[in-house]
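*Asks:* Sequence:
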Amino acid sequence: MQKQALKLYLEGTSFRVIGRLLNVHHQSVINWINAQATNLPPQVSETQATHTIEIDELFTFPTLISKVSCVLLFRHSQ
Numbered sequence: 018m019q020k021q022a023l024k025l026y027l028e029g030t031s032f033r034v035i036g037r038l039l040n041v042h043h044q045s046v047i048n049w050i051n052a053q054a055t056n057l058p059p060q061v062s063e064t065q066a067t068h069t070i071e072i073d074e075l076f077t078f079p080t081l082i083s084k085v086s087c088v089l090l091f092r093h094s095q
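Numbering-wise (this note's numbering), the sequence shown opens with residue 18 and increments by one.
Honestly, the hints are just simulated from the structure, not real lab data. One should not assume that every hint holds.
With beta-carbon atoms standing in for the labels, derived distance ranges [as the list claims (entries may be wrong)]: (1) Glu71 - Lys24: 32 to 38 Å; (2) Ala54 - Val34: 17 to 23 Å; (3) Lys20 - Thr69: 15 to 21 Å; (4) Gly29 - Ala52: 17 to 23 Å; (5) Gln44 - Lys24: 18 to 24 Å.
Backbone N, C-alpha and C fix where the C-beta goes; we use that ideal spot for every residue, glycine too.
Using the sequences and the hints, build the whole thing.
*Replies:* Given below as structure tokens:
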């Protein structure tokens, strides 16, 4: 049952929903998940420096916003 709760949690299901599905109290589900979290390996603390950053161009969104703003201002002034 605890493995099933963990799978549901990893799929994004809330503690309360998991509790309802498995017919247990949601605090039990939280305790199971926390117990599994203590078994995980420690996070990597050493990170490497970033050499390349890629930025997407965003031409359409600001253009769309400015067009909508102009239309709203035009309608408001009439």
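*Asks:* For each hint given before, does the structure comply? Return the numbers of the non-compliant ones in rising order.
*Replies:* 3
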